[in-house]
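Asks: Given next are the chains, with one letter for each unit.
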Amino acid sequence: MTKQLLTGAILSIGAAFVLAAPANATIVLTLPSYDSPNGYDFVNTFPLTGPTTIGTFTFLLPAGETVAGITISGTFGNGDSGTTALSDYYLGYSGNETAVEVATCNSIFDDCYSAQNGPTSWTYTLTGSNLKAIASALAAGSLDFTYTWDNNTQFALPGYSQYVYAGPATIDITVTPEPASVLLCFSALAGLAALRRFRKV
Amino acid sequence: MMKKLKPALCVSTALFAPILVGTCAAQDPQNAQWVATAVPIQATIAGGPWTLSQGGPSLGGGAYDGPTPYCTPGNSSGGTALVNPFTTVNTFNPYYFPFVVGSGQDVKGYFDYRPKNINEAVVVATSTNAGQSWTFQEMAEQLTTECPNSDANTANSGGNDDGQGHPTIVSFGGMTWLYTLDRRTPHVDSDGLIVHSILPRGANALNPLPLNSPFMQPPESNVIAGWNFNNNVNTGGYNLSPTPSTNNVMTSNEPTATALGMTNNYTYSTTPPTTGSIDGDDVTKTTLSSDPTGTAANNIGPNNNNAWRIRGQDGTAGVMGQGNGWNLAAPPCTQGAQFLVDTTGYHYILVQFDWYTTNQGVRDLQVLYTTNSGATWTPVGPIQVSGGGSTFNNQITINFHALGITSVENNPGFGLQMVSVYDPDYQGTPAYSIPSGGNVCSSTATGTYTAATLGSNNQPVVYNNNSGNWRFDEVNVLGTANSTNPITNDPIVNTTGLVNPDGILAIVPNTYPIEVLYISKTLNSDYVPPTSYPLCPPAIPSGSLNDDVEVVRIATTTNFINFTDITPFNTPQFSNTGSPNAPIQMVNGLSDPSTTSYSGIRWVSPNGTLIKLSNGNWGLFFGGGNCLDGDSDAFHAIMYAESNGSDLTNWTVINGINNPIASIETVSNVTDPQSGQTVTIPSNTPVIGATQNWFSGRIYAPQAIVTGADTVSLVFAGYNSGFSETGTSKDLSSYRNIGQVNLTVAGVTLP
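In order, the protein sequence lines correspond to chains A and B.
Just so you know, our numbering puts 195 at position 194 of the first sequence, and the rest follows in order with no gaps.
Just so you know, our numbering puts 1162 at position 290 of the second sequence, and the rest follows in order with no gaps.
Simulated from the structure, these hints should not be mistaken for laboratory data.
C-beta: ideal position from N, C-alpha, C; glycine also.
There's no promise every hint is true.
What the hints assert, rightly or not - Short, incomplete list of chain B residues facing chain A, as computed with Cβ under 7 Å:
id	residue
1	Ser-975
2	Thr-1048
3	Pro-1381
With these hints in hand, go ahead and build the complete structure from the sequences.
Replies: Given below as structure tokens:
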């Protein structure tokens, strides 16, 4: 009897976990359009030493959940200018060592640099290794969206400074329960299965 | 098979189109086939400057005294130009030559705001529905802040709306350039386009362009100091330093006028030769300056015919010191006149003067300026060339503000010299030469002075070295008091290499060097070699005549200012002489500047749209005109052409004059000048359907916004036909309308 009560209690707790465990969810965050405040004169010495932050995606993961995937999208160019200077975009901490490249405009023959009909869309889905690389930023709930100038003096225009223009950037963060929670759920499922078998006996 | 396919395409499109208008006739399924899916609408604008609908109908209630006049309070009280709040939504006029950037529903447009005879400016607006309705964002480079003095605003100088038009935007690597047409006479269709480097920032889409164009005369401009020489009663004696007739200098530093180089020891080519000259300037009667005509018949008393004559005492030949003053041995920039004017308290400095040359007067004049009381002098502006002997060159203008020369402002040491220089056109010896850098006053310059009157072969001849002089009138140094209306520095930079540009037709995406198709318009040149084209008969119904030659040319640039024209030679097809026309530089197939056929495209207008198609071709929407119009502004129809993917110099018109995308009102039963047949133009219903009144007089500047894989929103400009009427029939209530229509395409997909 006691054993049955104990088993029932465990199964109840397991069932509760099953009922409470959330399915995969998505957090959607958007940063506004961006214009670089300063231009880059490709003829002269590169003026910037590190990445420039466009903005930071901040979020709070629900307890017991983890990030399963991230897709980020945006545009080269925006409503102010349809094109952008040659540039690379990163997501992570504002330092390349803990950020992953998510987009690049690296040729003057690309739409991003020379299209006359408006901004050029880009989308990138982070790989598993990408997610590992920015794990600490994810744990902190803070992802910097940054860029660096992609130097190309071959087509530099004397006397002109080029500018980075970026449209609104959006990330879709897919969150799932942490493995420990999943294990509890599986335990509950196993318990339910056992209970069903016990009753049959 | 082909015949069956065409109707099939039309029917299948019709099944999905709420409204199907136009025709599929004469279209090749291998090319794009455009069909309208809605009737065209007049777009609206929220906010911005005064619009036609606020002025009421026609001329009776227009800009001057309509329900909401151009200026507030308006009428004879003038006031300031109206600025509508964003809550006020008006029909989108008078705006034309749209240039739309972007695709999808969210787009930005640059427009030519041009209330007739009142003003002209570049206006930026945004749309979130692909051009059906717009919201004003910014206005810049307006020509004037003056209020109209009547609905027609033609009482004074015929109104003024020749500012900067035909805006085109190029964006490249995060840099942005705005190109505009300089409409001022004589700059239009001869100067390069004006290039503005801009840095768009949110609502400041035209940052850092000023609201007021450098073309604008300072609204509160003052004559700081001026000489009309009418205050200098000439009794026959010399006047070596005439006093100013106007003196508003704010300090005690009095303006001065003196002659230069007239006292000298040069030898004069008289018989016998004369050595030396003594300054002998005087004020003398000289008519036809910009001074109002005087009433006195001579130069004895005060009158408006006076001018200041610069010369030596010019006495007896062979007598020491009696030379004419002007001499071939004088180094360049050492003989002429000098005016010193303290500009303390003024900015926006402008200089104007009338310059007269006698038959033997030296032909070439250079203006110099100083900012340090004459310690150094710097040439400014081009060499001024006399219009001929005994002739005034009136109101020569040096706009220091427009040139970006601000050192002359608030400067007690400002001054001017108008001095003689060697003639660059002289082909004899000594040959004309100036050092690199172009300083015409350099001591190493070589050449000679020539006379204002040309020789029998129409070529300059050497100054005779013993007679002739210059005279000056209406010499004014103007400025705006520092306390009023500061105007942002905005020097004018022109393109080079574009031949008589009227505007850009289209920019070729993803090219470097950047490639552009542009409109080259040579005014009044139908009979100027190498062209010898038959003149269009009088336009129907206006009766207008036009003999401009207009072609589409192609050029490249790597710095957006200096262009290289790469247009191949092609031969206009129609000749009324029986012998073929000479080849000229033009792209092939879009237009024929020699055609007189009402079915032919004689003229093409700026601000079209180029689209890369899935079939590898380039598609081009463009405005064009024919001999029915009598106007090279090319507004008869919106048409469509394609060129193969590698060649933008050969085009096939798919939707031409007779099966256009859109057309002005139909002209029926007229005799074609070329074929002699009775024709109706257009012979087919346009793609967008029946012509509406608001674009029945003109239609052009199509901007195709790609909204889907097979859809575009076409934004364009149109006038009603009443605009071209005269007298009391003239209707200024519906011109320069911005319109919009949706199209879908079969045969290709869009980028």
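Asks: If a hint holds in the structure, say so; if it does not, say that too.
Replies: Results for each hint:
1. Ser-975: Constraint on Ser-975 (chain B) satisfied, holds at 5 Å.
2. Thr-1048: 5 Å, holds
3. Pro-1381: 5 Å, holds
In this structure, every one of the numbered hints holds.
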